[in-house]
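Sequence lines, in order, name chains V and D. If you count by my numbering, then the first sequence holds residues 49 to 455, one letter each, in order. If you count by my numbering, then the second sequence holds residues 5 to 274, one letter each, in order.
Some clues are possibly wrong.
For lysine-lysine, the following PhoX-like pairs were computed, each having C-alpha atoms within a straight-line distance of at most 25 angstroms [said to hold, decoys possible]: (1) LYS99/V to LYS135/V; (2) LYS24/D to LYS261/D; (3) LYS115/D to LYS333/V; (4) LYS180/V to LYS135/V; (5) LYS195/V to LYS180/V; (6) LYS261/D to LYS449/V; (7) LYS121/D to LYS333/V; (8) LYS195/V to LYS136/V.
Simulated DEER-style distance windows between Cβ atoms [claimed, not checked]: (9) ILE288/V to ASP101/D: 47 to 55 angstroms; (10) PRO337/V to GLY139/D: 30 to 38 angstroms; (11) GLU104/D to LYS333/V: 28 to 36 angstroms.
Quick caveat, the hints were computed from the structure, so don't treat them as lab data. Note that the Cβ used here is the ideal one computed from N, Cα and C, for glycine as well.
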Amino acid sequence: MSERTKQRYAAERRFRLYGLAAIGAAVLVLATLVTSIGIVGMPAFFQTYIKLDVTVDAADVESGRFRQLTFDAVYAFHPEVTDRREKKRLRGIVSSGADREIRLAVADDPSLIGTTFPIWVRSSDDIDIFIKGQVSRDLPQEDRRVKDNEIAWVDGLVEQGRVETRFNFSFFSTGDSREPEQAGIWGAVVGSFFTLCVALAVSFPLGVLAAIYLEEYAPQNRWTDLIEVNINNLAAVPSIVFGLLGLAMFLNFFGMPRSAPVVGGMVLALMTLPTIIIATRAALKAVPPSIREAALGIGASELQVVTHHVVPLAMPGILTGTIIGMAQALGETAPLLMIGMVAFIVDIPQGIFDPSTVLPVQIYIWADSPERAFVAKTSAAILVLLTFLVCMNAIAVMLRKRFERRW
Amino acid sequence: MSVAEQLENSGQPEKAVERKSKVIGKDITVHYGEKQALFDVNLAIPEHQVTALIGPSGCGKSTFLRCINRMNDVIDGCRVGGELTVDGVDIYRSNIDVVELRARVGMVFQKPNPFPKSIYDNIAYGPRIHGQASGRGEMDEVVETSLRRAGLWDEAKDRLEEPGTSLSGGQQQRLCIARAIAVNPDVILMDEPCSALDPIATARIEELIDELRERFTIVIVTHSMQQAARVSQRTAFFHLGVLVDEGETDQIFTNPKDERTQDYITGRFG
Ligand SMILES: Nc1ncnc2c1ncn2[C@@H]1O[C@H](COP(=O)(O)OP(=O)(O)O)[C@@H](O)[C@H]1O
Ligand SMILES: [Mg+2]
Numbered sequence: 049m050s051e052r053t054k055q056r057y058a059a060e061r062r063f064r065l066y067g068l069a070a071i072g073a074a075v076l077v078l079a080t081l082v083t084s085i086g087i088v089g090m091p092a093f094f095q096t097y098i099k100l101d102v103t104v105d106a107a108d109v110e111s112g113r114f115r116q117l118t119f120d121a122v123y124a125f126h127p128e129v130t131d132r133r134e135k136k137r138l139r140g141i142v143s144s145g146a147d148r149e150i151r152l153a154v155a156d157d158p159s160l161i162g163t164t165f166p167i168w169v170r171s172s173d174d175i176d177i178f179i180k181g182q183v184s185r186d187l188p189q190e191d192r193r194v195k196d197n198e199i200a201w202v203d204g205l206v207e208q209g210r211v212e213t214r215f216n217f218s219f220f221s222t223g224d225s226r227e228p229e230q231a232g233i234w235g236a237v238v239g240s241f242f243t244l245c246v247a248l249a250v251s252f253p254l255g256v257l258a259a260i261y262l263e264e265y266a267p268q269n270r271w272t273d274l275i276e277v278n279i280n281n282l283a284a285v286p287s288i289v290f291g292l293l294g295l296a297m298f299l300n301f302f303g304m305p306r307s308a309p310v311v312g313g314m315v316l317a318l319m320t321l322p323t324i325i326i327a328t329r330a331a332l333k334a335v336p337p338s339i340r341e342a343a344l345g346i347g348a349s350e351l352q353v354v355t356h357h358v359v360p361l362a363m364p365g366i367l368t369g370t371i372i373g374m375a376q377a378l379g380e381t382a383p384l385l386m387i388g389m390v391a392f393i394v395d396i397p398q399g400i401f402d403p404s405t406v407l408p409v410q411i412y413i414w415a416d417s418p419e420r421a422f423v424a425k426t427s428a429a430i431l432v433l434l435t436f437l438v439c440m441n442a443i444a445v446m447l448r449k450r451f452e453r454r455w
Numbered sequence: 005m006s007v008a009e010q011l012e013n014s015g016q017p018e019k020a021v022e023r024k025s026k027v028i029g030k031d032i033t034v035h036y037g038e039k040q041a042l043f044d045v046n047l048a049i050p051e052h053q054v055t056a057l058i059g060p061s062g063c064g065k066s067t068f069l070r071c072i073n074r075m076n077d078v079i080d081g082c083r084v085g086g087e088l089t090v091d092g093v094d095i096y097r098s099n100i101d102v103v104e105l106r107a108r109v110g111m112v113f114q115k116p117n118p119f120p121k122s123i124y125d126n127i128a129y130g131p132r133i134h135g136q137a138s139g140r141g142e143m144d145e146v147v148e149t150s151l152r153r154a155g156l157w158d159e160a161k162d163r164l165e166e167p168g169t170s171l172s173g174g175q176q177q178r179l180c181i182a183r184a185i186a187v188n189p190d191v192i193l194m195d196e197p198c199s200a201l202d203p204i205a206t207a208r209i210e211e212l213i214d215e216l217r218e219r220f221t222i223v224i225v226t227h228s229m230q231q232a233a234r235v236s237q238r239t240a241f242f243h244l245g246v247l248v249d250e251g252e253t254d255q256i257f258t259n260p261k262d263e264r265t266q267d268y269i270t271g272r273f274g
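Chain V with its partners taken away, still in its complex shape:
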């Protein structure tokens, strides 16, 4: 082998190695990110429950004294505790929402009235974290939120088999809450869904029609060049600017409701529009001219050429672009902060005019909360958001694969 050939081979090997190294680094970073989020977020999918023995009689139901009933049931574990401060700590073992669970159980099964029955209620977030082993017993007492006597009480309950960790279904079915053990992401998921629906309903027809006009009808002149440059620039505008625009236009000028998916959706639609237009134009351009000629040649009108042939053939590309645009919109936070979608909202939104929040903003809110249990919730919400994004991108890839070049 000549010297030159050897050198060429060596150079090629080196080049391949650099490429592999680059890919390896990228994969490593991604894997680290996802695993760390996964490890931190995993506990949020589980919740500690404590079994109480509750006595409910008709008078309690009448006057709605469920709060007191819950306290009594917890006090019953340790009758010796009498100090007011200590009693407060003792009843703090269970979630402040436990009375609601008891009320619901009774409403569900009225035959419980007048009896003493066992019921599993959520523990408070501090106890939950302690049970999950995230608080070390070796720390000095003043450095941990779970004090020595609480540890003793909980250990006693564990011995009695009154403590259990279960899958936290309600994380996926409730809205936000100030109490981490009661907080769920369903409100944010529904909010995201409504917001994306509005964004899609606004940006898809506008984007596709604009792209069809520009690609198929517009004459090639300085005006269309200008429009084209501006659409490309629009794609590069920081998203918060769209939020400011939405604030000034939709909220202040048109007086639309704050924190509502309808406004959020329209702001995101503005942001997605350039993505959809650019993707649609590329898809239309990729339809071979021979198909247009064939249709024109047998006397199809321009509109028929577009609607019967070009757009159907470009549809996979258009949909791919749209899904990618929607995925971007799903992950967007900044513009929504500007229009007030960052509010604390407990109720699940029922429509596009109800105040709501969206997944990334929910993550932002939780990440900003002081309670330690929200750390896991934050990561869990990120996992959910990532799952949605991966699914959307997978659909886009599948569409592209499935309909790849059929001519």
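Using the hints provided, position chain D with the ligands relative to the given structure of chain V.
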């Protein structure tokens, strides 16, 4: 086989008959932007004959062909001057609808370009948009007749629902011919219909063209002089945007009036 011999063998004199002109171009000029592609072309295309347009590449054959069904309309910056009549109607001046014109003047392209739909839908598309067939039964009939006339029925009758793109190149081109004749045009324009095909597929198309001449007026662009000699009754020779020579095919090939034609058919340039 020389061109002259082929003419002997084709044995189609047909000279004496005085035919009506289907398409007449008078002083046709075409500009693409600043560039002039055709210079004052005067050409009459007789009914029920095959007229071949030959000449070196870039001489304006396709340009002239595309004038006849106004396919040049869709090219930005293309201007057509002069007078072009189909059945005596000026297709550029009178307010004839271009969609109706293209239904009467069909076109077959260089590269087979079936729609990415089923064979059936490829053919049914034209009649459907022109409202020429009502109901499934009538449409079935149109599809069958068109495929039969294009010599594709026997090969395609059992696979009408398969995509047109699943056929071989030659079959695809015959499908495109079937698609063109499905709307029942008077004139069929063919722009180098065989240049993407192998010799056997080419032979089938040439046979087909000869059969189709009975019903349709055919204008074919070809870069192969043998093909022009085999299929056409009349030949027009273009050079640098000018119609140099035009006449009966055997006369053009055996006894060209113009020196440039002579040079071209004897292969001195091309
Ligand atoms: N779409 C177009 N835009 C600009 N010039 C064109 C276009 N189509 C053809 N031409 C020019 O017109 C001349 C004739 O082209 P054409 O009719 O395609 O030649 P032929 O079919 O004989 O090879 C060529 O010089 C070509 O460069
Ligand atoms: Mg050509």
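Notebook entry, point to check: Within a Cα-Cα threshold of 25 angstroms, do LYS24/D and LYS261/D meet the stated pairing?
Noted result: 24 angstroms, holds
Notebook entry, point to check: Given the hint that LYS121/D pairs with LYS333/V, does the C-alpha gap stay at or below 25 angstroms?
Noted result: 20 angstroms, holds
Checklist line | Status of the given 28 to 36 angstroms range, CB of LYS333/V versus CB of GLU104/D | finding: Given range 28 to 36 angstroms: holds, Cβ gap about 30 angstroms.
Next item on the list: Measure nothing beyond the straight line between the CA atoms of LYS261/D and LYS449/V; if it is 25 angstroms or shorter, mark the hint as holding.
Entry: 59 angstroms, violated
Notebook entry, point to check: Does LYS195/V pair with LYS136/V here, judged by a C-alpha cut-off of 25 angstroms?
Noted result: 13 angstroms, holds
Next item on the list: For ILE288/V and ASP101/D, compare the CB-CB distance with the range 47 to 55 angstroms and indicate the outcome.
Entry: 52 angstroms, holds
Next item on the list: For the pair supplied as a hint, LYS99/V and LYS135/V, confirm whether the alpha-carbon distance does not exceed 25 angstroms.
Entry: Distance ~18 angstroms between LYS99/V and LYS135/V Cα, so the pair holds.
Margin query: With the threshold set at 25 angstroms, check whether the alpha-carbon distance from LYS115/D to LYS333/V stays at or below it.
Written below: 19 angstroms, holds
Note to self: With the threshold set at 25 angstroms, check whether the alpha-carbon distance from LYS180/V to LYS135/V stays at or below it.
What the structure shows: Holds - the C-alpha atoms of LYS135/V and LYS180/V are around 24 angstroms apart, at most 25 angstroms.
Notebook entry, point to check: Taking 25 angstroms as the top limit, are the C-alpha atoms of LYS195/V and LYS180/V close enough?
Noted result: Holds - the C-alpha atoms of LYS180/V and LYS195/V are around 16 angstroms apart, at most 25 angstroms.
Check: Can the suggested window of 30 to 38 angstroms be confirmed for the beta-carbon pair PRO337/V and GLY139/D?
Finding: About 34 angstroms separates the Cβ atoms of PRO337/V and GLY139/D, which means 30 to 38 angstroms holds.
Against the hints set out earlier in the document, a violation occurs for number 6 only.
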